[in-house]
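Q: Sequence:
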Amino acid sequence: MSIRLSTFAALLATGLLAGTLVSAPRNDADRFWDAFAQQGATDLKSTYKESPENGLLDQSLEIQLEDGAANTMMTATVNGRRVGRFRTNGIGDGGINRDRFGVVPGPDGRPPKSQRINDGDVLRVFGAGTDISATYAERP
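When you line the sequence shown up against this note's numbering, it's residues 1 to 140, in that order.
It is worth saying that the hints were derived from the structure and are not from the lab.
Nothing here was measured: the structure is a model prediction, and the numbers come from that model.
The C-beta atom is built at its ideal place from N, Cα and C for all residues, glycine as well.
Watch out, some of these pointers could steer you wrong.
[What the hints assert, rightly or not] SDA-like mimics (lysine to any residue), calculated; alpha carbons at most 25 angstroms apart, straight line: (1) K49 with E138; (2) K45 with I91; (3) K113 with P140; (4) K49 with A35; (5) K45 with R81; (6) K113 with D58; (7) K49 with D121; (8) K49 with G95; (9) K113 with F101; (10) K49 with Q59.
[As the list claims (entries may be wrong)] Ranges of calculated distance between the beta carbons of each label pair, as one might list FRET restraints: (11) N71 with G106: 39 to 49 angstroms; (12) N79 with Q39: 18 to 28 angstroms; (13) G55 with I91: 39 to 49 angstroms; (14) G106 with A41: 32 to 42 angstroms; (15) A128 with G55: 40 to 50 angstroms; (16) F36 with G129: 15 to 25 angstroms; (17) R87 with P52: 32 to 42 angstroms; (18) A128 with Q38: 12 to 22 angstroms.
With the hints as constraints, model all of the structure from the sequences given.
A: Structure below.
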């Protein structure tokens with residue numbers, strides 16, 4: 001029994017198309033994790049974002065401190081690991097913006113565990129006269 005070339009090509013194309021249609025859906029939506037804390041008049045706000053882009057990930061981390069100690073060098077850490085330093089202005093406001101582009105995702109579709117934010121991770125911003133912490137949670 002022989003299969004003609006055109007029949008084989010048709011079966012192959014049908015199989016490839018069917019495999020494409022039943023494969024797992026890609027999630028190209030941005031994902032966000034937020035942290036917020038208020039301590040007296042001081043507010044700490046942060047957003048971490050992962051954006052899929054052509055099979056890679058772009059990451060963004062924004063940290064904002066409002067009404068902290070004025071003209072003070074602050075350190076920001078996540079789970080005790082320093083992510084940056086900044087100086088507040090004359091009214092105690094300041095912050096950090098960090099971006100990474102073209103990150104290769106791991107098997108779970110996210111950056112390596114040591115280079116990402118997860119639910120429950122703790123952001124701490126501290127300096128002379130200010131020490132405030134907030135916990136990250138993924139947006140629904």
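Q: So which hints don't hold here, by number, going up?
A: When the structure is compared with the hints, none of them turns out to be violated.
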